[in-house]
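When the letters of the sequence shown are read in order and numbered with the UniProt record's numbering, they come out as residues 1 to 50.
Warning: the hint list may mix true and false statements.
To be verified - When the alpha-carbon atoms are kept at most 25 Å apart in a straight line, the in silico SDA-like pairs for lysine to any residue are as follows: (1) LYS42 with GLN9; (2) LYS42 with ASP3; (3) LYS42 with GLY12; (4) LYS42 with ILE10; (5) LYS42 with LEU6; (6) LYS42 with VAL32; (7) LYS42 with LEU24; (8) LYS42 with VAL19; (9) LYS42 with THR4.
Derived from the structure by calculation, the hints contain no laboratory data.
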Amino acid sequence: MQDTELYQQILGIESPWEVSNVDLNMELGEIVVSVRHAQGTKSFRGSIWL
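Whole structure, please, built from the sequences with the hints as guidance.
Right, here's the structure in full:
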């Protein structure tokens, strides 16, 4: 399973939205998840602090 698929399931993100990227920074204790609309018209990027 890809990181993007895992976080899509964890966050409950459903079509037409999808997780496009996951960046993990262990030094800062931060996970940055990028979400986009499947048609590519909208996007969102948010952080999760550990």
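Verification of the supplied hints:
{"no.": "1", "hint": "LYS42 with GLN9", "verdict": "20 Å, holds"}
{"no.": "2", "hint": "LYS42 with ASP3", "verdict": "21 Å, holds"}
{"no.": "3", "hint": "LYS42 with GLY12", "verdict": "18 Å, holds"}
{"no.": "4", "hint": "LYS42 with ILE10", "verdict": "21 Å, holds"}
{"no.": "5", "hint": "LYS42 with LEU6", "verdict": "21 Å, holds"}
{"no.": "6", "hint": "LYS42 with VAL32", "verdict": "17 Å, holds"}
{"no.": "7", "hint": "LYS42 with LEU24", "verdict": "23 Å, holds"}
{"no.": "8", "hint": "LYS42 with VAL19", "verdict": "12 Å, holds"}
{"no.": "9", "hint": "LYS42 with THR4", "verdict": "17 Å, holds"}
The structure agrees with every numbered hint stated previously.
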